[in-house]
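In order, the protein sequences belong to chains Y and R.
Letter 39 of the first sequence, counting from 1, is numbered 38 in numbering that gives the first Met the number 0, and no numbers are missing.
Letter 111 of the second sequence, counting from 1, is numbered 110 in numbering that gives the first Met the number 0, and no numbers are missing.
Be a bit skeptical, because a hint or two may be false.
Just so you know, same-sequence chains aren't split out, so a pair can sit in one copy or run between any two.
[What the hints assert, rightly or not] No more than 27 angstroms apart at the CA atoms, straight line, and that leaves these computed lysine-lysine pairs for DSS-like:
1) 140 x 24
2) 11 x 58
3) 72 x 24
4) 66 x 24
Bear in mind the hints are in silico, worked out from the structure with no lab data behind them.
There are 2 protein chains.
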Amino acid sequence: MQHINRYICPMKYDYSECIGSRLRKISRMVDSHFRQHLVDFDITENQMTILFAMSKMKKVEQGRIGKYLYLEKSTVSRNIKLLEKRGFVSRSSDYRPTVELTDEGYKMVETLTPVWLGIMDELVGVLGSSGLDGLRNLETKMRT
Amino acid sequence: MQHINRYICPMKYDYSECIGSRLRKISRMVDSHFRQHLVDFDITENQMTILFAMSKMKKVEQGRIGKYLYLEKSTVSRNIKLLEKRGFVSRSSDYRPTVELTDEGYKMVETLTPVWLGIMDELVGVLGSSGLDGLRNLETKMRT
DNA sequence: ATTTATATGTTGCATATACTACTTTTAACT
DNA sequence: AGTTAAAAGTAGTATATGCAACATATAAAT
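Build the full structure now, drawing on both the sequences and the hints.
Rendered as structure tokens:
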């Protein structure tokens with residue numbers, strides 16, 4: 000078999016242009032950068048994201064976190080459960096629980112914030128204003 | 000406790016500007032879009048990405064795929080194993096195996112390509128040239 | 001008020017991912 | 001040649017994610 004892809008010749012897009020795989024790849028790169036800086040703090044970049052979001056939302060229904068971060072409700076459920084086990088989050092015992100940072104959680108946010116600001120500075124330095132504009136652009140366009 | 004974050008007042012970046020979480024979120028949105036269109040083809044967006052990459056690389060050492068996609072070697076090992084189980088990929092039995100698409104694999108690439116082109120058209124329509132420029136910009140900057 | 005529909009949460013399952021430790025192979029050095 | 005160092009692969013473990021199925025609670029409709 001020759002395996003000649005009939006789309007290769009004048010294909011409108013090349014596989015390497017795939018928007019999905021490129022975003023995933025860039026995400027992995029940036030996340031890797033975050034992890035390198037978080038290695039001493041025993042927390043993942045995803046958990047940090049949720050802590051930061053919750054520090055702004057205060058006491059909220061769990062579901063709102065998923066809406067804000069575009070995360071499936073079951074994913075939120077499990078992520079929150081891990082953070083609760085770590086003592087960073089408290090949950091009301093309702094069926095539809097409201098969640099909230101504990102004192103430990105707020106302390107962790109304060110610990111992480113300067114580290115995060117440092118990482119941001121580095122990344123902004125790497126991406127430059129054009130890179131940031133690009134990211135904002137992507138976001139705006141995806142919202143609709 | 001007051002939970003007054005001393006960084007809130009004149010903090011250089013707001014948590015919502017986090018480059019990591021924003022990229023992750025956009026990735027989830029775009030991947031979700033891909034999944035919606037792939038639902039009839041019993042394949043994930045990640046597996047499609049590897050199939051497309053392999054269709055260009057032909058017979059390669061497994062490790063090269065990880066280099067190309069910025070994936071950890073163990074991740075590649077498992078992803079390839081799943082594709083092998085599906086019959087899309089064949090692996091030499093060496094300790095350091097070379098991998099290759101099977102005829103089934105190439106057939107799947109041909110099946111997926113028009114679908115993928117359609118998704119790309121939609122996404123390019125959503126993002127526009129400015130969104131695409133932004134993505135390219137991010138990539139260029141991350142490479143260095 | 002009862003029933004129905006919708007929204008929210010959790011659990012089971014499968015994939016995706018990275019890190020560590022271990023194995024094996026190849027390369028380098030002497 | 002023999003030893004050491006580096007590279008590549010795999011398996012174990014933990015987190016992250018989404019979907020389907022189910023449970024429960026709230027809202028809507030009659």
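Intra- versus inter-copy proximity for residue 24 and residue 140 (alpha-carbon distance at most 27 angstroms): both (20 angstroms within a copy, 13 angstroms between copies)
Intra- versus inter-subunit Cα pairing at 27 angstroms for residue 66 with residue 24: Result: close both inside a copy and across copies, 24 angstroms intra and 11 angstroms inter.
Identical-chain pair category, residue 72 with residue 24, by Cα at 27 angstroms: Classified as both: same-chain Cα gap 25 angstroms, cross-chain 14 angstroms, threshold 27 angstroms.
27 angstroms Cα threshold - placement of residue 58 relative to residue 11: Result: close only across copies, 25 angstroms inter versus 49 angstroms intra.
Violation of the numbered hints given earlier is absent; every hint is satisfied by the structure.
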